[in-house]
Amino acid sequence: MSDVVAVLEQDDDPQVLAMAATMATLLGCGSRQTTVPSGTDRDGRSDAITAALRDDDLAVLHAGGPESVCWDVIRRVTTPVMVLPQHPRVPARVTEVLLPLDGAPGTAAAVAAMAQRLVGAGVHVTAMHVFDAATAPAFWDQAAHSYEHWTEEFLLRNLPWAVELDLRRGRSCDEVVTRAEHSDADLLMVGWGQDLGGGRAQTVLQALTAGHVPLLLLPVTPQDLRPQSEDLAPSTTPPPTRHREA
Amino acid sequence: MTRSPTGGPGVSGDLAVRSTGRPAPREPLARSVAAVVVSRRAIGGPVTTRLEQLARLGLRVVVVADAAPAGCTASGSAHEALARLDELGVTGRLVLLVDSHADLPAPPGSDATTVPVDGTDGVLALLDEQLRRARSHRVPDVVHDPRWAVVERGVDPARHRVTESLFTLASGGVGWRGSVEESPDYGQPLVVAAGVYAGTGVHDGLLPGPDLVDVRLRDEVQADERVLDLRTGVLYREEVGGSGVPLRSLRFAAAGAPGVFALRVEAASQRMDPGPSPEHGTWSATTPAVGHHGGIGAVARQEVGHDAGVTTLERLVAVDHTTRGRPRRARAQERLDRAGRAGFEALLAEQRAAWAQRWSRVDVRIPDDPGSELALRFALFHLWGLASDGAELAVGARALTGSGYAGHVFWDADVFVLPALATIDPEAADAMVRYRLHRLGAARERARSEARRGARFPWESAATGQDVTPARGWVGGEQVDIVTGTQEEHVTADVAWAVVHNATWSRPGAHLSDGERALLAATARYWASRTDTDPDGTAHVTGVTGPDEYHEGVDDNAFTNVMARWNLRAAARLTRAHDDECRSWLRRAAALVDGYDETTGVYEQFRGYRDLQPLVVTDLAPPPVAADVLVGRDRVARSQLIKQPDVLMLHHLVPDEVVAGSLVTNLDLYAPRTAHGSSLSPATMALVHARAGRPEAALDLLRLSLSIDLDDLGGTTSAGVHIGALGGAWQALLFGFLGARVRDGVLHLDPVLPAAWPRLAVRFRALGRDVRVDVDADLMTVAASGALAAHVPASQPYRVRADGDVHLVGAGAP
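If you read the sequences in order, they're chains A and B.
Numbering (numbering that gives the first Met the number 0) for the first sequence: 0 to 245.
Numbering (numbering that gives the first Met the number 0) for the second sequence: 0 to 813.
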């Protein structure tokens, strides 16, 4: 990662600057800032921010209201983006990160490098998985034993670097945001498909509109989703949980 | 650190690397076959010498002639030769037909490798190649027959631990997970032995034995194809997609030499570091640090060869394991020496023959549904992995294929595995019974400690027979108290049922041993002391959990009560208890309530069940689904959702204890409420659907059951295959679709087959006989290896033909 870039929609946003500095220190990289040009329309501002970012930058910006350029930027840029909710809880140091995983290989691939880097920097990464109708396991044979095997395999497949796995049930967006708000999490880290339409990305929306914990968004790239070639693919590729139509 | 062939640290010894290879001038076939067939005109002079040498190495050599050289077999024709080789497990391209004089073409339909050659030089070149390959330990070939081969392609870390479980090989009570040779970081290589535990109490777990497989390899394998050939019990691997010499390996757990394992690996020279090869082998052993006696030891020796730019490694390992004392090298060494004298090729030939013999006695053929056929054979393969010559057999929930469930023995063993094993390997089923008999003392002690009489078996059992159920666990992310250990008392009746079922199924006369009668009486005494009698004279069992673990601490669970009733009646009938005691058992049995409502024809699963919220599983999610994980334990407890068949288990296990004709009514009620949150559930439900005359729904459920491990539906096959589900699937075929039952020494058959199965052939063991049932269109043929009485109901739709000593009795008899 080259730089942490503080993206300022106004001349001075001390929270964005503080968060950018914290991340730069944590990741051991440089930092710089860019200011969103005024007097242009949203597309123009979004274009300007996108142009100002290099492929391996981490952008930090503030979520505003519905007209904020933030919503365009997070859908467009392919670099990691950290978004501060409107009323963020900006940590002086990042020691705890909460990482929701849906069990999909693409999501795990999107967050893998950053998670490994954070763990290497001494951050405690807690993976989180929420069981719903689409992700509940088919079998839970014996409560005395199933947890051990299921969680071990889930972590090995999705995030072998995570320190622990927190399992919840319910609506994923509610559970993730609630858990983040009521824990020591300094960051919420999410792999996502950069699509806010059609009821998608509810966790991202809820975290930014109702939460206070900074959100690190890692786009799921086509490479993350790329299936193995037919020759290399296993005869069956079972997910750890089934993915059904909700 | 140096790693030994068996994985132990710090090995020293002679470096007896034997270079047996020499450059290969040319490769007429470029692979190793298992058998050579030549014509009479081909033999003579140096050809005869070569054939004798091949036979001495262990290859099958057949001469189509009246007589054959030493060690070779004479055959009347190529067709006859191939048929004989097929009986020995040598099929398809593994057979080399040397057509030296245009007089040995492959018979029509044969997949044998036919090589036309000119003159003696051509024959010699072929034979010399096979001799050279065998002597330099080249990896033998396998047949990729889609009806017999479970194939895995690619290197996917997420899938690898699953295939380690699927590809476990077992022999002599020892399981060897199918880890790849180089044991990558994401693998979980493991060797375990049945009944050998470490730790104490709830911390019991299967003791990991010495690693058998590790091979150091430069340059990772990027992609490979692995083939578990069920027909011969070998696991083959070949690197794909690379350039140059591919890594190849073949291994097997010797079916004919219990506790012996064999491995060959080959790779480009310089790529593989085989490590030291002590002349007399390397001994490694593991023993429990705390807890029990016993342990697992392995002695291994290996030879290294070189052939045409390829380095080869041949390793033979013999394992000794014990639950008492320490594993003994001398015992293992004796096995290893015997295996070494035979040689790899001969061991492999024995392996193929032993598995061919197994499949000739127990098998399923469904020509129109090859997927189900293969999956059922996969189930049989792992059930055969339990074959053991030991005094007892502890079958954990994941058998010998992984560390899951700590290797603990549940009711799965008695109700799902044992009845299947009795139809496959009755000796192993007997050994399972002995596991329980040897722990009758612990069961008596438990009952005594709870102020009961008789014997109470534990929900989770390991080495001692004391209950080793953990006290806490998790349902998803919800930490919970575990009450199965205190409340799933039905296991006591299940154990008794398994003892009686085993005798009924396998022994003409259903004779019970003294120990078995003692167990039956002790469990009956337990139930007699466990039931409470109301003033109205009815008897009750309160505070239990049935197979449906979504509802804990219930009263008068139908399954528990009816199994207890069966236990009391069976003991009165089959033991030699005093008449007064027998009469008291019968009175108590008659007084036990079972929740049956004559007006509706429904068995209420437990008292109060009908008042619960009438949810069906599709209200939550499509089954199978762990409903308790999805909505929480309390929520499912307040509903009529059930984890797995509970009442319906009675229609399977003790049909004479439920009201005749009550299956369909109860199936209609309980099937929509069944979440299949237990991996045991789909197989049982398949079975009862078949018996209810619903074979299409039964087939869907059977396929679901068979895919649990092959498709890793639950995400935990990495911890081992679900041997209970595999046993349940075989039972669904045999007892469900085929309708096989043994009553009073008579085999009853009542097939109910789906439209997708116009033809079905099943071979199994029953009443001391090898039985074959073939259904083809409207004809059912029953044959047996000796005298057998069989009954088919007049209502079933097939014409019936009895072959050989099978005697048809009853209404369906012609």
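Hints are not guaranteed to be accurate.
Claimed, not checked - Derived Cβ-Cβ restraints for the label pairs, each shown as a range:
no., chain 1, residue 1, chain 2, residue 2, range
1, A, D173, B, V289, 52 to 62 Å
2, A, S182, B, G308, 31 to 41 Å
3, A, G105, B, Q478, 28 to 38 Å
4, B, G600, A, E151, 40 to 50 Å
5, B, G370, A, G105, 22 to 32 Å
6, B, R609, A, Q85, 50 to 60 Å
FYI, nobody ran anything at the bench for these hints, they're computed from the structure.
Glycine residues also receive a C-beta, built at the ideal position from the N, C-alpha and C atoms.
These are the hints, each one checked on the structure:
| no. | hint | verdict |
| --- | --- | --- |
| 1 | A:D173 to B:V289: 52 to 62 Å | violated, 45 Å |
| 2 | A:S182 to B:G308: 31 to 41 Å | violated, 59 Å |
| 3 | A:G105 to B:Q478: 28 to 38 Å | holds, 31 Å |
| 4 | B:G600 to A:E151: 40 to 50 Å | holds, 46 Å |
| 5 | B:G370 to A:G105: 22 to 32 Å | holds, 29 Å |
| 6 | B:R609 to A:Q85: 50 to 60 Å | holds, 52 Å |
Hints 1 and 2 from the list above are not met by this structure, while the remaining hints are.
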